[in-house]
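4 protein chains.
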Amino acid sequence: MAGMDLAELFEHVPFVDDLGIDVVEAADGHAEAALELEATHSSNPGGLVAHGGVTYALADTVGGAAVVSEYETVAPTIDMRIDYLSPATDDLYAEADVTRGGESVATVDVTVYSGPDPADGERERVATARGVYKTSGQGERTPWTDGVDVENLF
Amino acid sequence: MAGMDLAELFEHVPFVDDLGIDVVEAADGHAEAALELEATHSSNPGGLVAHGGVTYALADTVGGAAVVSEYETVAPTIDMRIDYLSPATDDLYAEADVTRGGESVATVDVTVYSGPDPADGERERVATARGVYKTSGQGERTPWTDGVDVENLF
Amino acid sequence: MAGMDLAELFEHVPFVDDLGIDVVEAADGHAEAALELEATHSSNPGGLVAHGGVTYALADTVGGAAVVSEYETVAPTIDMRIDYLSPATDDLYAEADVTRGGESVATVDVTVYSGPDPADGERERVATARGVYKTSGQGERTPWTDGVDVENLF
Amino acid sequence: MAGMDLAELFEHVPFVDDLGIDVVEAADGHAEAALELEATHSSNPGGLVAHGGVTYALADTVGGAAVVSEYETVAPTIDMRIDYLSPATDDLYAEADVTRGGESVATVDVTVYSGPDPADGERERVATARGVYKTSGQGERTPWTDGVDVENLF
Chain L
1 MAGMDLAELF EHVPFVDDLG IDVVEAADGH AEAALELEAT HSSNPGGLVA HGGVTYALAD
61 TVGGAAVVSE YETVAPTIDM RIDYLSPATD DLYAEADVTR GGESVATVDV TVYSGPDPAD
121 GERERVATAR GVYKTSGQGE RTPWTDGVDV ENLF
Chain A
1 MAGMDLAELF EHVPFVDDLG IDVVEAADGH AEAALELEAT HSSNPGGLVA HGGVTYALAD
61 TVGGAAVVSE YETVAPTIDM RIDYLSPATD DLYAEADVTR GGESVATVDV TVYSGPDPAD
121 GERERVATAR GVYKTSGQGE RTPWTDGVDV ENLF
Chain H
1 MAGMDLAELF EHVPFVDDLG IDVVEAADGH AEAALELEAT HSSNPGGLVA HGGVTYALAD
61 TVGGAAVVSE YETVAPTIDM RIDYLSPATD DLYAEADVTR GGESVATVDV TVYSGPDPAD
121 GERERVATAR GVYKTSGQGE RTPWTDGVDV ENLF
Chain F
1 MAGMDLAELF EHVPFVDDLG IDVVEAADGH AEAALELEAT HSSNPGGLVA HGGVTYALAD
61 TVGGAAVVSE YETVAPTIDM RIDYLSPATD DLYAEADVTR GGESVATVDV TVYSGPDPAD
121 GERERVATAR GVYKTSGQGE RTPWTDGVDV ENLF
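Residue numbers (this note's numbering), protein chains in the order written: chain L, 1 to 154; chain A, 1 to 154; chain H, 1 to 154; chain F, 1 to 154.
The hints are simulated quantities; they were obtained by calculation from the structure and are not laboratory data.
By construction, the Cβ of each residue, glycine as well, lies at the ideal position given by its N, Cα and C atoms.
Accuracy of the hints is not assured; some may be wrong.
Label-pair ranges, simulated between beta-carbon atoms [unchecked claim]:
| id | chain 1 | residue 1 | chain 2 | residue 2 | range |
| --- | --- | --- | --- | --- | --- |
| 1 | H | A119 | F | R125 | 37 to 47 Å |
| 2 | L | G20 | F | D28 | 37 to 47 Å |
| 3 | F | H12 | A | D28 | 40 to 50 Å |
| 4 | H | D17 | A | A39 | 52 to 62 Å |
Can you build the whole structure from these sequences, using the hints too?
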């Protein structure tokens, strides 16, 4: 990358920024990201529990970051499955690892934790996700890169 | 339901409202929902293509609406898989149907369309999703219902 | 293909043959396959209901046949999800369609039916499956083609 | 269980026996199972690589065994996703753990290994699977228990 690290790059993705996802780390097929749970993320009109879409968006983002950190190219998600293990009522933290790094697609495992300090303190596993991302054949112009100077990103 | 229809109920879910999801219809195990694509939904810093988390959040929401319309109870998602078929660069519209309505869980199929008028005009299938929702055993109090007068909702 | 049609080709796959899967049709991204339910397929020591692995093997096989019919190359499964909708207590029939045919991977939808004449008569949907198959980059030699004269197959 | 341990019970499941799956261990939500790869399991007419359905059948079986070991009831699979990480050209060994044990459904993680001694020696991870099983509401008679003396099994 030219003068910008990968974690910083993700701050420029509108939805990642809008949701409040912070990609903390992304290197060598491993990535971590945090999200402070806010009232707007809730699935409950009268309380605070993360909507499934919030947890998923975090998982998809950190999974993509893991892939991009290994392949240094735009990596659209082909499919992802998420399993919710317990309600997420606190801040979220997610860790992702590339488990199969093929030429054209990569498989990624994600675990999402919640808790008062879900990065390394008291934390509960609230969801696991597994997905496949495209790692080649995106060509020079894609809907994900139009208007972006990709050459200088990686 | 007591004086509020189900589609209206979803407007009160903070993340559904925040993201701009409009549940248009929800009855008898079938639901439809729309989302106008906005700049904040984008996955591309220099253009407009829906982040995977946006498409997923729409799918999860409309899937849940289909289940709730049949079971008239809170229905947390247990798992969901989404497959992205083409980039979503326009407004989104999703349709969901319960395909297996068991006593304790329901299976739902969702199709997400995009286009200038994705509800009934020119539209392209951009994603399919399939998930399983819990339909019983939520008990009287859950993170999804704390503070909500569930008795009077259904 | 040189002198052998695709459906016939699958009869030579040991596990497909051993399980009794009959690929009936495979062309232009669509495939159909049948399986007569036998006592050895059962999941119940005292009765006859297809083990989940039998239904899955049929789904995976017919999905692969749909992909191969479009791409004319070996197409290993990358991932597949199956949802069981009702117990399969009679003969099975499966239909598969490629829903996204990318350069490096294809997404496939499969529906599995059961009934006394599940091909076109009285039938019930017992499972749906969705998977992603690799369509390029297999190279000249793979574990799936060692010992096979691929050049002359397609 | 009355006089028969759980691992032994699975030997009586026709398809498990027919395929050669050996449930080695099943207790407290954890299970392990082995499968010696044979020519009939192959996906390649000219060589030996496990058909995706073989690996899946092992994963589904060991996942079910993990659930049954915790719930002591028949546990039909609701859905399962499998991701293939590398070709399985040797004997298989699978380990499963219940990751979410709810009242009505349980979520299970499975890892499938291959190698000359995949149980504890030289082994490679060839697939991961994740599924949801039904753990209640099966009633007294089901297609999975007709003809079986369930009362005396557990």
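Hints versus structure:
1. A119/H <-> R125/F: 37 to 47 Å: 38 Å, holds
2. G20/L <-> D28/F: 37 to 47 Å: 39 Å, holds
3. H12/F <-> D28/A: 40 to 50 Å: Cβ of H12/F to Cβ of D28/A: about 42 Å, so the range 40 to 50 Å holds.
4. D17/H <-> A39/A: 52 to 62 Å: 55 Å, holds
Violation of the numbered hints given earlier is absent; every hint is satisfied by the structure.
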